[in-house]
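Colleague: Sequence:
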Amino acid sequence: MLSYPAKQPVPAVDAAAIGAVRAGTDRPDPDVRRIPPPASPPRHHNGAVTDLDSGPDGPQPFAHLSVPNAPLYREVLLAFARAKERFIVHLRPEDVAAELRRDGDEQLAQALDKLVEWGNLRADADTGRVTTVEDFHRKRFLYQLTAAGHAAEQAIAFYEDAIGRRGVLQSVALTDIADRLAALAALADEPDPDPAKVHLLLLTLAERFSSLADNAQAFMASLRRAIDFSDGDVDGFIAYKERLIDYINRFIADLANSGARIAALLDEVEARGHERLLTVAARREASDAVPEGADAAEAFGRAEAEALESWRNRWRGLRDWFVSGGTARPSQARLLRQAAVTAIKQLVDTVGLLNERRSGRSDRSADFRALARWFAEAPDEEAMHRLWRAAFGLTSARHLTVTAATVAAWDEEPPQGLPWADAPPVRISPQLRRTGSYERRGKPNRVQDRSELRRMLRERADREAAETAAARAQLHTGGPVRLSELGVLDLRAFRLFLALLGDALAARLPGDTEVKAITGDGSMEVRLSLVPGGGEVRIVTEDGVLTGPEHLIEITDLSGGGT
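Under this note's numbering, the first residue of the sequence shown is numbered 10, with each subsequent residue one higher.
FYI, nobody ran anything at the bench for these hints, they're computed from the structure.
Every clue listed holds true.
If you anchor each label on the Cβ, the simulated ranges turn out as follows:
no., residue 1, residue 2, range
1, Gly137, Ser220, 38 to 48 angstroms
2, Asn78, Ser374, 37 to 47 angstroms
3, Pro453, Gly361, 52 to 62 angstroms
4, Gly553, Thr522, 22 to 32 angstroms
5, Ile527, Ser220, 46 to 56 angstroms
6, Gly553, Gly488, 24 to 34 angstroms
7, Met393, Glu421, 25 to 35 angstroms
8, Glu563, Arg343, 49 to 59 angstroms
9, Arg504, Ala348, 42 to 52 angstroms
10, Asp358, Gly557, 29 to 39 angstroms
A virtual CB, placed ideally from N, CA and C, is assigned to each residue, including glycine.
Input sequences plus hints: build the corresponding full structure.
Modeller: Structure representation (structure tokens):
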């Protein structure tokens with residue numbers, strides 16, 4: 010909702026500034042002058058006429074936007090605005106009530122009186138239906154929009170249209186601009202071009218160019234909002250993204266082709282003397298300027314100079330939009346093409362992300378939400394600690410400074426839940442306890458020969474690889490088998506089986522009864538299908554018993570190790 014401070018005097022209306030905004034320049038139009046506020050005739054209500062001078066500080070047509078009953082005031086004023094569009098000047102209270110489809114109650118009458126007080130409406134005594142003396146003394150009014158009220162409605166409508174405007178990419182405007190420039194090039198060859206034709210072509214060119222630039226800016230802004238808030242209507246966003254991408258691609262192609270033609274036409278018109286055409290248009294505009302001062306010729310010359318500078322500014326804007334000023338100053342058309350290409354990439358990325366979410370694929374935020382739910386559902390702190398270690402893997406790092414004693418300590422590592430009192434002690438160097446640092450002064454240690462340590466690590470890695478290969482061979486089914494037929498799995502095979510089962514279940518969509526998945530390294534493939542009425546299966550392992558619904562599973566070793 011718009012909010013304006015109440016009770017502020019209306020300043021003089023600078024119509025020249027308004028003309029400058031419409032023309033897209035920072036200079037005033039030469040044929041518009043500063044209009045002082047009209048004189049304020051006396052006002053009176055309750056049986057007489059109320060004019061613009063409402064309130065002690067003049068009209069306050071925006072005051073109704075910041076009061077508690079603002080929605081009712083907006084509905085009433087919109088009813089008067091619609092009536093004005095139908096060329097209906099006056100409305101009675103019952104007409105307003107009918108337009109709003111409500112009863113003509115006291116609240117509506119008070120709203121009309123307040124709008125008269127603020128200067129939005131004008132109240133005239135309604136004597137057309139007076140038949141008795143009592144009717145004459147009864148309070149009856151005809152209401153109409155004042156000039157200030159009508160201007161306020163236009164301002165609010167313009168604001169709401171600009172804010173809610175979506176914009177379009179006007180490929181047709183590119184063709185129109187090129188055609189107007191071609192016509193100007195033809196007029197530039199004439200020794201005495203028709204001022205009316207030149208002026209009309211330049212006005213049309215400025216209007217089409219302004220519409221193209223404004224709509225392109227509004228469209229790119231709305232497109233960014235659509236991408237940013239694509240989560241609101243996922244189905245609708247995905248449904249229209251293909252048409253939207255085609256629409257943007259067509260405009261990019263048209264902009265590239267027509268933009269090159271427009272740039273060439275601009276150079277052609279300038280080579281034939283565009284300054285002469287701008288002067289002709291400025292002289293024609295100056296002829297309509299309001300005469301000021303005693304010297305008419307001086308006033309005309311000043312108006313012509315202002316109009317010429319305004320047209321030069323518009324021409325520079327048109328040229329900067331389509332013609333680059335080197336690598337440091339790319340044209341606005343090129344920047345628009347780059348923004349459109351970037352928008353297409355963002356659209357494709359957004360659609361891909363939405364499809365991943367719809368297909369059930371996990372992302373980091375979903376993983377953390379699931380982890381938080383598991384923490385909340387953990388039965389005790391011990392389970393929370395196990396979950397933490399499994400999720401984040403914050404175990405001790407393996408450094409190369411290992412010894413046989415270190416390897417033995419790894420093999421004899423106490424269980425995770427061992428109390429502190431029963432755990433083996435951690436030996437700390439006396440020097441660290443005394444000085445807080447392991448740093449030792451004096452001659453540095455000799456470089457140690459770590460070949461034996463590397464050999465131990467290599468043997469350990471080979472042993473683990475052999476165990477993994479054996480587990481892969483054990484899990485290779487050679488065809489579909491039931492989970493209940495897998496038999497007893499050792500620790501290594503069971504961990505690999507859990508990883509394969511997790512990949513398959515993560516790839517299964519809701520409602521699917523069969524799924525195929527491949528491990529991240531591409532070495533194994535698993536096919537999983539639900540057995541209807543198969544009941545519950547129990548898989549015995551060294552760590553315990555895994556239970557779940559019966560499935561048919563087929564595990565294939567793609568690396569060839571299981572064949």
